[in-house]
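Each chain, written out:
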Amino acid sequence: MEMVVCVKQVPDASEVRVDPATNNLMREGVPSIMNPFDRHAIEAALRLREAVGGRITALSMGPPQAEEVLREAIALGVDEAVLVCDRAFAGSDTLATSYTLALAIRKLGAVDLVLCGQQSIDGETAQVGPELAEHLGFAQCSYVRALGKPAEGALEVERAAEDGYERVRLLLPAVLTVMKELNEPRLPSLKGMLRAKKAELRIWTAADLGADPSRIGQAGSPTRVAGVFAPQRGKKAQLLTGSVVEQVQALVERLQAERVI
Amino acid sequence: MSEDWRGIWVVAEHRHGALLAVTGELLGAARRLGEASRQEVAAVLCGHGVEKLAGELFAWGADRVYLVDDPRLAANVDDYHAEAVAKLIQEERPSVVLVGGTFFGRSLAPRVAARLGTGLTADATEVELDPESGLLRLTKPSYGGDVLAVITCPERRPQMATLRPHTLPAPQRQEGRQGVLERRTFAPVREARMAILEAVSEGACAANLADARVIVAGGRGLGDPKNFKLLEELAAVLGGAVAASRAVTDLGWYPAACLVGQTGLTVAPRLYIACGISGAIQHVVGIRRAGTIVAINKDPHAPIFEIAHYGIVGDVLEVVPALTAELRRRLGR
Ligand SMILES: Cc1cc2nc3c(=O)[nH]c(=O)nc-3n(C[C@H](O)[C@H](O)[C@H](O)COP(=O)(O)OP(=O)(O)OC[C@H]3O[C@@H](n4cnc5c(N)ncnc54)[C@H](O)[C@@H]3O)c2cc1C
Ligand SMILES: Nc1ncnc2c1ncn2[C@@H]1O[C@H](COP(=O)(O)O)[C@@H](O)[C@H]1O
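Protein sequences, first through last, are from chains V and H. If you're matching positions, the first sequence starts at 2 in the working numbering and goes up one per residue. If you're matching positions, the second sequence starts at 7 in the working numbering and goes up one per residue.
Please keep in mind that the hints were generated in silico from the structure rather than gathered at the bench. Treat each hint with caution, since some may be false.
Here's a subset of chain V near chain H, in silico, CB distances under 7 Å, partners left out [stated by the list, open to error]:
no.	residue
1	V19
2	P21
3	A127
4	Y144
5	E167
6	V245
7	V261
Even glycine gets a Cβ: it sits at the ideal position worked out from N, Cα and C.
Based on the provided sequences and hints, a complete structural model is requested.
Below, the structure is given as structure tokens:
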């Protein structure tokens, strides 16, 4: 089984805020981490390799420092890593990102399974996986919470639904996005960490991929962020005061004013 | 070039023969956008044997319903649904396409957007038209909700978005409202690469809670299983459903199928009222996406007040009946 896991380096979202005065994102000093959902995608690939054999390539698009998450992936046990890195990719939205990752996956050759995290913790779109499948012409399944063993060119999975789940059969090659419920990711081994230190990463530019300049970076991104702002509500509850009847009246008034009820 | 793309569209979603509440919410929003910009509001209804749902779509505000009825669309096969929706969009060229931010909607919409090469905003909580440019402006939470971003799609069409369920106001239903029903055939160029073997519903409670706009949840603070009756009365006034914390499902006070949290359901109602629930992290992870959270707890230091928007410090057995009575009086129910 030839597998690719897409991993993204993200700012630790719990520490990112908007400056309420200037409406600028405050990202200075915020550490970068591997997107937590992507650990579950790596774990799923490692377990599949243990079950049926094969090879795993970790793939990331990002600035040079995104190399860190790829080394982490190697420490966890993936076989190889590719960083897609070029200034021309700056400003990519999900459409441009998925196009670029699709080109890299094609360049890798025959691939049976692409695994992504459910979503990134910065953009939180959950769109890159399904868009990737569309570019590649692969089968696709999002919100995977259980995974079978591939057999005869197909794979059975369970995906979440609001009222339960669906059992889905996919023809390979396929793209999956996985939920945290799928597995408990392992920690890196000592041997893995040593390997990660010395491993050579492949670095591919826009030219290496033969990317169409109109489909990458800002030019290839139909969406624009027109602004960011901080949510108005504070995090702590507004405690109501007065007698029980007064509190209840005040609550109903607020809920009606805010059209919650 | 974007001038000749006109119309505000909603992709309808249904399950077990009934439309999801989010489809009504989207139509409510689409009506507002359509009226402000003099554009027609249309719904796309894909499925099999679903023609009877068209009337409901008209009542919720659709001027036109595109019905694609085919056995291959009976289940949520993304490949087929993406193809049907994308083809209609290419033929009719709407300016805006809104999709419910459900598991299926958030899987389907990016397939359609990539096929059309257009922009898609995920999981938006607010939608409006910019009065000057006429562009769709979507507000979307990111970085775990600490940042709100405004997203537009200035050039390509259609402008697409998934909208988080239960964040938009409920639509006004107009009984007997009529519209145009257009039937379209489904002729996929390629066979699906996936099959739904089975759709498993995990009990009525899960289905109700998933689609509930209001959830009233009870914890150990209720003191006795019979007090859940108070929550059921409150939920009934609000047209909502009742859920429970782990402490009470473990005690057997309420069905485990109604458990919310890490080991239970993740819910996203417009209003979540936590009654006698301490707010342990394992419970709170299940309600992060709720719109407004109200906590009723007698301990002012209970962690639930850290994440609630409104808090009442008091005895649930006293506060809940008072709240029910007040709502009955105000809402005339
Ligand atoms: C691995 C794991 C997974 C878990 N998964 C879940 C999960 O999915 N969902 C979940 O809910 N929990 C889960 N839990 C359990 C969780 O940690 C809490 O124990 C549980 O949520 C507590 O439920 P509670 O708030 O109803 O009870 P308690 O923690 O006992 O809180 C009762 C609250 O009621 C208040 N109170 C008491 N009397 C009154 C009164 N008369 N009027 C008003 N307030 C009153 C008290 O001040 C207190 O705050 C999990 C735990 C673990 C370890
Ligand atoms: N720049 C990127 N490089 C590699 N993988 C990515 C990148 N962006 C997104 N992904 C993958 O797509 C998933 C969903 O991301 P998103 O659509 O941004 O929420 C992530 O969990 C990753 O697996």
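Outcome of the hint check:
{"no.": "1", "hint": "V19", "result": "5 Å, holds"}
{"no.": "2", "hint": "P21", "result": "11 Å, violated"}
{"no.": "3", "hint": "A127", "result": "5 Å, holds"}
{"no.": "4", "hint": "Y144", "result": "5 Å, holds"}
{"no.": "5", "hint": "E167", "result": "5 Å, holds"}
{"no.": "6", "hint": "V245", "result": "5 Å, holds"}
{"no.": "7", "hint": "V261", "result": "5 Å, holds"}
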